[in-house]
Amino acid sequence: MSLLTGVPLSYVVRNLATRRATTLLTAGGMALVVFVFATVLMLSEGLRTALVQSGSADNAVVIRRGAQTEVQSGVERNQAAVIESQPEVALDGQGRPLASREIVVLISLPKRDSSGPANVTIRGVGAQGAALRPQVRLTAGRLFRPGASEVIAGRSVAGRFQGAGLGETLRFGQREWRVVGLFDADGSAFDSEIWGDAEQLMQAFRRPVYSSVIVRLRDAQAFDTFQARLAADPRLTVETKRETRFYADQSETLARFIEILGLALAVIFSVGATIGAMITMFAAVANRTQEIGTLRALGFTRRRILTAFLAESLLLALAGGAVGVLAASFMQLFSLSTMNWQTFSEIAFGFRLTPGIVAASLGFAMAMGVVGGFLPALRAARLNIVDALRAA
Amino acid sequence: MLLKLIVKNAFRHRLRTGLTLLGVTVAVLAFGLLQTVVGAWFAAADATSRTRLVTRNAISLVFPLPLSYLQKIRAVPGVMQVSHSNWFGGVYVSERNFFPQFAVDAQSYFRLYPEFLVEPGEMQAFLRDRQGAVVGRRLAQRFGWRLGDTVSLRGTIWPGTWRFTIRGIYRGAEAGTDEGLFFFHWRYLNETAQRNYPRRANTVGVFILGIDDASRAAAISSAVDALFRNSLAETRTETEKAFQLSFVSMTEAILLAIQAVSYVVIVIILAVMANTMAMTARERLAEYATLKALGFGPGFVRLLVYGESLAIALLGGALGMLLSFPAAEAFGAQLASLFPVFSIRPETLGLQALAALLVGLIAALVPAEKGARVNIVAGLRSVA
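Chains as they are written, first to last, in the numbering used here: chain A, 18 to 409; chain B, 203 to 586.
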């Protein structure tokens, strides 16, 4: 560094240390900006992970044509049989198709912290339902028995809703349902669901039709043929999507909202922080006019003065950025639950810090430092030696 | 003399003051916009009437109620009028053009919602046309619809392509009335459902009850729910406000985050402003010492610093508040599908002014004390 700038790095560091209050305030402001910036990125990433992990590439979701979500959809029994019997559908060891006829409804449940009710997704799954989602693991209790009024609850539902814990009972559809097991779906959207036996739930809710059919394809490439065949079948009025695509589509609005909000905040905040850096650096230049004159007189070139002040500004920003990212990393301990507008149901997701986000946040901080520091550094470099030495 | 000094001082460092001013302006503007977003969230709940109750299926909103409940609900003492509506959830050209559509029992519905103002002639035309629709003024503007235009919606809950003719455009009676809704005849929906989906015919999404006495809302609600306890479709009745707030509470986390962020903006600008004042005071220690040597007391110096800080903060605040109006206009137009009502509330302006005032005061706190306590001899010797 010292070779690059000519002005020793220790000079830069000491300058910042001398004006402690100003340095702290400016870096603190930047740290806050970077904190918010990183947090929003982490939220986007958390939502993305929750949805990416919900789908697997070789699964396909079949819903009624035009329905955007499983809740709106309806697939008749005979249609479900046709879908399952397609040649592209993989078979299990006993020659049965790897498919699950599912019913998805929303029920309104009171939260444990009594902050009002929220819509929870109840999914009735077929016998192969769990096998189609390898990310779902039972963590406590056992699976529901087919034919019984039993359900299992996802990790983030069990803790947050009344009656959804292990051994407790939920009341809906004129029946009591015992929670006999808890499952962990590895941060995916299933963590926010309650699962039961599809046939039992259909009776309870008096819905004679399924919401969707999920199938495992023989291989991921078979999707296009499968989709085309179902679309051409006159007995069916369905739409086929890859499971990964299906879940990404479902949260498009929420993801876009978070992105727009994050972008707007980043722009507004960075204006404030850049101004802060600029003020600090202008003051630093003004206060050190004589010093700069001396440096120039000693033979340091304009370019080297410019780099020294830019380095000072960058260091300031980097310190703020590091503190901001560090603070943001603690947000990983929390998770957020909100309603997904498109499915109308609760979804819980965490903040996820990735190396990419760390890099982006620090890059953002450095950009603020460069932009804020450039004009003042330019002024420092342009000072005339004689005038600068005379200034008092 | 004091005022003159303050103004002169404030604009001595034109660049620094200008930058700080810009910062405060942007922060107050951002704060106002974020608060307006939060307010827009509550707009639907604020526009509700205390004499309207909403009855829905107790399981959740996605389950319908049988139309036959209508007569039973009407017989409950205290219920003056009953209407019903269904969420249609159709798509106009593309998913991005989202707006709410309701299939309603037209006559009773518009009686219950006097805030939707429709010209009598248009109302007549709407009632006569089975496929007629009444749309909000803002919605009509958004898509350039005129009376007599045909609009096709692609059904998601009710499959198929649905054609409507716009017969009326309603205005809101108050500023907070949602002018972005689309109403059509429930009859039209039901006739088609009877043909194509007989299982879902004769069902409604929610009943809306007009009651005579708002103070009896709780009693009437439980009387209605008691009617249908242990039936195939149990009901939950609540005031219209509670019904709307239940949507707000589902997105509470986002709301809290926006609110928190709006205060963070103010804290950030406070740091910038405090920095400016700290630098200013440090540079002027010698001046303050001079003033004191001339006989001015510490109170005068304090006033000088506070005055300068407040002048910058309040000027920036005022600029930010002024800019909020065009900004909200532009923002609201962009997010019309998300926030049908997007206007700056008086409370928001008050909060903006308060934020600017607090930033000005707090930023001057430490520098003012430093200036006031400066030792004359040490101050005169000090070099910035």
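Bear in mind the hints are in silico, worked out from the structure with no lab data behind them.
What you are looking at is a predicted structure, and each value in this text was computed from that prediction instead of being measured.
It is possible that some hints are incorrect.
Unchecked claim - Short derived list, chain B residues pointing at chain A, Cβ under 8 Å: (1) L224; (2) V264; (3) S354; (4) R431; (5) L434; (6) I456; (7) V463; (8) I471; (9) G497; (10) G499; (11) P500.
What the hints assert, rightly or not - To be clear about the criterion: a stretch of chain B counts as covered by chain A if any three or more of its residues have a C-beta under 8 Å from a C-beta of chain A, and this derived list gives those stretches: (12) 213-222; (13) 472-483.
The beta carbon of each residue, even a glycine, is placed where N, CA and C say it ideally should be.
So, going through the hints one by one against the coordinates:
1. L224: Nearest chain A Cβ about 6 Å off; hint holds.
2. V264: Nearest chain A Cβ about 5 Å off; hint holds.
3. S354: Cβ of S354 (chain B) sits 13 Å from chain A, so the hint is violated.
4. R431: violated, 11 Å
5. L434: holds, 7 Å
6. I456: holds, 5 Å
7. V463: holds, 6 Å
8. I471: Since chain A brings a Cβ to about 6 Å from I471 (chain B), closer than 8 Å, the hint holds.
9. G497: violated, 27 Å
10. G499: violated, 25 Å
11. P500: Given a least distance of 21 Å, the restraint on P500 (chain B) is violated.
12. 213-222: holds (count 4)
13. 472-483: holds (count 7)
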